[in-house]
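Trainee: Given next are the chains, with one letter for each unit.
Number of protein chains: 2
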Amino acid sequence: MSNAGDAARSWSRSQSAQFQEELFEMLRIPSLSGDPAFAGDVRRMAEWLANHMAGLGLEKVAVMETAGHPVVYGEWMGAGEDAPTLLVYGHYDVVPAVMEDGWETDPFEPVVKDGKVFARGSTDDKGQLFIHIKALQAWLETAGAAPINVKILLEGEEEVSSPNLAPFIKEHLDLLRADVCVISDSSMTRIEEPAITHSLRGMTYIEVHVEGPREDLHSGFFGGATHNPALALAEIITKLFNEDNSIAVPGFYDDVAPLSDADRAMIAKTDISADEFKQATGVPGVWGVEAFTIKERVSARPTLEINGMWSGYTGPGPKTIIPHSAGAKISCRLVGNQDPERIWECLRDYIESIAPPTVKVSVSLLSTGRPALFPAELPAMRAAVRAYEKGWGHTPVFTRGGGSIPIVADIADMMSIPVVMMGYGLDSDGLHSPNEHYSLEMFARGIETAIVYLEELASL
Amino acid sequence: MSNAGDAARSWSRSQSAQFQEELFEMLRIPSLSGDPAFAGDVRRMAEWLANHMAGLGLEKVAVMETAGHPVVYGEWMGAGEDAPTLLVYGHYDVVPAVMEDGWETDPFEPVVKDGKVFARGSTDDKGQLFIHIKALQAWLETAGAAPINVKILLEGEEEVSSPNLAPFIKEHLDLLRADVCVISDSSMTRIEEPAITHSLRGMTYIEVHVEGPREDLHSGFFGGATHNPALALAEIITKLFNEDNSIAVPGFYDDVAPLSDADRAMIAKTDISADEFKQATGVPGVWGVEAFTIKERVSARPTLEINGMWSGYTGPGPKTIIPHSAGAKISCRLVGNQDPERIWECLRDYIESIAPPTVKVSVSLLSTGRPALFPAELPAMRAAVRAYEKGWGHTPVFTRGGGSIPIVADIADMMSIPVVMMGYGLDSDGLHSPNEHYSLEMFARGIETAIVYLEELASL
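Here the protein sequences line up with chains A and B, keeping their order. Going by this note's numbering, the first sequence opens with residue 97, and the numbers climb by one from there. Going by this note's numbering, the second sequence opens with residue 97, and the numbers climb by one from there.
Heads up, the list lumps identical chains together, so a pair's fine if it works in one copy or across two of them.
Calculated pairs, SDA-like style, for lysine to any residue (alpha carbon to alpha carbon, straight line, at most 20 Å):
| no. | residue 1 | residue 2 |
| --- | --- | --- |
| 1 | Lys-456 | Gly-381 |
| 2 | Lys-486 | Ala-103 |
| 3 | Lys-156 | Ala-175 |
| 4 | Lys-374 | Glu-307 |
| 5 | Lys-374 | Thr-454 |
Quick caveat, the hints were computed from the structure, so don't treat them as lab data.
With the rest of the complex left out, here is chain A (with noise of 0.2 Å):
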């Protein structure tokens, strides 16, 4: 480690108070993309962020619009033409979380209990995206330069699986031109272990509609000769599974490869027992297909879940109808070499295959992303390595991360350079879940690691 690098990173500590209360106010702004009546929520949190990253000196800062939520962009170009180009791509916007959802304190309000601090977004992904932008800070700050180039990202679509995305990269390559993309939207399972996540699962999110009447019919009068669109629905969702647990949908495996000796080992080093999973999230049981270990179901293989289901009266007391519909929104985890188009139209044809003739079924596609997967052996890997071990203080592990950013797959093939996950966040974090929260001491952590990151591939 330098000097400057030295003197950035000490900077950033004596600006914990300001960097923090800048966050809080990120945490303040539901950003929440699924839902169009916080559209306007949305576009406030971008426009934060593009006067925040020109207040520091980025130059071509814009919030650039696209057909839904708009994307932020910022680059400080100074290294010149010789250095490397970092990319830096993370997201703004955040899932929904209500207090009814069993929230402590205000989502949207941060409270900081035991060094961390409690809000929807502090981990997923306002906390770990900011961390780039405050190293990048702290190099301008103490060294009127960072050792390279570095262009950010930051759109807000994430969390409805980036379907706009794409289509900017693609008409931005020249602007977005860079060497390697580092991405910090992922976790490791203690402060000690921090993780490089070298593989993402993708997605294919559908929603299925069972019709039954026109309209909510009386029980007694109708009942016993209409197909109860609830049970129906209940029907065919249950045949999307195998008595193992397996999934059953035809063709649904057809494309995943087998898990060799070397990456079970791999992941076996990394594997939870039962009794820590139930501790994690509470269930009575583990759940699944016997023949895969539970980290390795949780990662490595593709899944289905039921996200949501409704039909009929669902308040207090008593009605006494037969709905007139049924729907779930249904989401798979794709690995390996599965399609997400190709997965789509298995489930489609599949569920319209078992559709009962007394109702009417209709099957959506609501979002697709391809899964990823990067070697650890490339050059921006073991320089994510380095930088952990200056900078954080522990080596990392490599891990498979069992969720999805859809764009990792897209950026990796369409600007043709690795993509480096290093997650700041902790697996406990409750991310999607009520009392999100994030440490503190992590992000003081990240934000060393993200400077010595900048100076390690410099190096290159």
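Got chain A sorted already, so can you dock chain B onto it with the hints?
Mentor: Just chain B now, kept in the frame of chain A:
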């Protein structure tokens, strides 16, 4: 028909505009018994009825407290101790209704179109119970007296299965003592074929809750090893039925008396075709147990319906969670000798026996109601036939009601009197559905029939 009866009928016709305006006042009160938020409106409805009956000269008029919503009582005993006494039962509460369910006009602002009034409660049961009050008023206004004594008992909890009416009746057996009970809370297929219901289905209404993880989980991090509560619920619901659509709950059919050839022949007289059923409901196909006709399935056989089902995220767009819980409202229509308490035990035991160890399943009882059956040969039934012939203009048929009026069996048992169910609604009125409506011509004919019925009962 006596001259006095003719005068009462003639006067009732002359008052139709006034009677309708009074009915509309009732329909404007959203007396939802199932939602605690409307408890004030339920009481307002009770007070309106008490004030109205007192204004007509009834005695002992009172809003009488129960453990839930109040009972309204009033009587006219001027016919003397030797005259028969008729107990009129009706209910002034309604099921929920909101525009979003598909109402074309405000469900609590009555609108007249094509001779029908559209409003929640118009046919079930405000429009029908009011017929008896207006019939009594017509006698008192024109003859100064009715042919028999009349007691009126109106409850506010029929739509939540009358949890407090049986205790109320038990406590007030002396006050309520009568020779026959009439209830108008049922319907006919067409105006030319009025129907006396001599059988009703009972009910067992339960809720099933499935709890998985302690809070919603990120499907990417825990999917594959967590039993999705929505899937677990779907599996439980599916297992409630056999392949032939009969109910798979052990013991469920044990007490159902088989239908005799005579029973089936009587039911066949009012059977409907598959096309008629599809036309009436809008379903693409008829469902059910093939061994029984459509009419048998919807009126003479027990059923199991999913009235509501919920889990996870149901808002716009995708949200990639594993829901922490799922639930369903499930109700059975019961016939013959089925005991609702025994059916509750069968349901609970079976669901608990099939609950997987990977989730926590709980079953709770919401309400019960016993089935009822009365012979068509009873004198009070024959009097009802004559009342329809003279007052309505058509000979009635005897039918089995697929719906439930929980209190009918209780009145018959506790008071040892027959219950005559003289329906004044149409099957197509859409009760419990959006755009519930009631024919104003049938309202007028119903009042005339009820006027005649008082006279017919006097001659028994």
